[in-house]
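Colleague: Chain X is already provided as a structure; the job is to place chain P on it using the hints.
2 protein chains.
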Amino acid sequence: MATFRPAILIRKKEGKPMKAPDSLAQVAAIIEKELDKYLPPESTYPAIIYQAMRYSVLGGGKRLRAYLAVKSCEMNGGKAECAYPAACAIEMVHAYSLIHDDLPCMDNDDFRRGKPSNHKVFGEGMAVLAGDALLTRAFEVLCDAPHELEAATRISMIKELSAAAGCAGMIGGQTIDLQSEGKVLELSELAVLDAAKTGALIKAAARMGGLAAGTGANEMCALTAYAESFGLAFQITDDILDVSGESSRLGKATGSDAKKQKATYVSHYGLEQAKALAQHEVEKACQSLTLFGDKAADLIDLAESVLGRDQ
Amino acid sequence: MATFRPAILIRKKEGKPMKAPDSLAQVAAIIEKELDKYLPPESTYPAIIYQAMRYSVLGGGKRLRAYLAVKSCEMNGGKAECAYPAACAIEMVHAYSLIHDDLPCMDNDDFRRGKPSNHKVFGEGMAVLAGDALLTRAFEVLCDAPHELEAATRISMIKELSAAAGCAGMIGGQTIDLQSEGKVLELSELAVLDAAKTGALIKAAARMGGLAAGTGANEMCALTAYAESFGLAFQITDDILDVSGESSRLGKATGSDAKKQKATYVSHYGLEQAKALAQHEVEKACQSLTLFGDKAADLIDLAESVLGRDQ
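If you read the protein sequences in the order shown, they are chains X and P.
The first sequence begins at 94 in our numbering and counts up by one.
The second sequence begins at 94 in our numbering and counts up by one.
Okay, chain X solo, but in the shape it has when bound (with noise of 0.2 angstroms):
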């Protein structure tokens, strides 16, 4: 039997850049678009709690987990706009979980995505609130987009999305990382620790684009592997940049991760190692996605990007 030949072998001897698919920031544009109708105007009373939603979502982030849901349910059949609340509401979660994680009582952080933090420019209770209102949002918007989605489809999003996004995933995940700073955590630990904290978003994004879809359970399974594997290596990557990338690109700062004693995958198997099993992960991420055959180009193409990403 012939050895499966990952697609990203063959395009690396091809000397194919490494870099992000141009059809991200073409859904990007278009999700911003989606989240600012989602989001009430700030002239809406009281302003503030808009003003705030609206400063972290929009116009910044990479948009990532939108693009895996829109393309997840491209990719199985799916027209791109039944994926847009799933989109949106992904993206409003991964806003509201950087603003409380920012939090002074969380990480600490002041900076996010090339600007002060949500706690600095409007307070921590108004960032509380923020945070709040958008998980709430995410919600609604899943229930009231007018879309071609059946009320059993909505379930089964809605049933993906708190999942991941509670106590068995990025809740339980931020709980874990709070009680284990200052402490050295196992690799196994590690691992229950960014497949919960980060994986689960992740991986409810590109499943939810394949509910979008009405997709069986092989596809499922296929994209649900792709993003598991995807997940792990884009966590993989975000602990490089923590020690090598520049905090200018990255838009927060570098290296504290290692000020936090936080365990990372750098901190246990050093920066070429961890580069190595980043590149394992991607290559398991595509092999994943070999029953959808061409389609699969966008995804592949992320999986790929995830390498070079210097953001």
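No lab work stands behind these hints, which were simulated from the structure alone.
Honestly, I wouldn't trust all of these hints.
Because identical chains share one entry, a pair is satisfied inside a single copy or across any pair of copies.
What the hints assert, rightly or not - Restricting the straight-line Cα-Cα distance to at most 25 angstroms, the calculated cross-link-like pairs of lysine-lysine (DSS-like) are:
| hint | residue 1 | residue 2 |
| --- | --- | --- |
| 1 | K130 | K377 |
| 2 | K368 | K252 |
| 3 | K352 | K368 |
| 4 | K276 | K213 |
| 5 | K155 | K368 |
| 6 | K130 | K252 |
| 7 | K112 | K377 |
| 8 | K112 | K213 |
| 9 | K377 | K208 |
| 10 | K213 | K377 |
| 11 | K208 | K126 |
| 12 | K208 | K172 |
| 13 | K252 | K213 |
Modeller: Chain P only, in chain X's frame:
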């Protein structure tokens, strides 16, 4: 045309006591068990987040909102258990709002329901996460709960809850509240604040109970009117209790509104007129339920009991 004579006036004449209906305690006990089922045990990893969630949801609270959901469902011919997921979701959202409101960066209250506030026990970071987790879990419960609810009904409930908990409801109210400390609010602003901060979730509870029973438009209108008046009466008596209640009964400090120079119905109208206003709203609430006849007895008892509350 004969003037409508609300039940409350008849009962008062008969000297009936203004105490909470017996069925409130029965429903509260059932909901306590349901909530316990929906919250993973404290042994689940990572334990502290489950401990923090359970600390603030279980073993306390009057369960008024849960009762409203259950009784609104029954009054409309639905089975009580069809309202349990809604009742639990609302109690989780209520508990989350109390945890976040009590934070030092918000109302900075050290006691709640007769015990130290969540952040005094678990720390601020964990209290933020516990609130986030309860809000998230509320939506998950509405999707997952194994009761006879169609997907479309669940979506209607999630819409109702997310709208009530969001910026046009509870979070909007808390925003106005945060911004109004030390300022004298106009009466109209105070009404908006209370309708949003307290009233919206109470109204959602009644309406979600109606949805669980598959009720019609007229009945939903009546339920809504009842809940609006009930919510206002409840808020006014809350303000009254903050002035004249006993902190040992209330489980929290009294006099905090005056200390924070918060505008309340008592600061606006004085104690006696505030009491009269509460009674007027209770009468309106009872009148709203005329079309339900005897089936409204429990909700009428509940409304009346607000005037006799000491906690």
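Colleague: Run the structure past the numbered hints and jot down the numbers of the failing ones, going up.
Modeller: Failing hints, ascending: 1, 2, 8, 9, 10, 12, 13.
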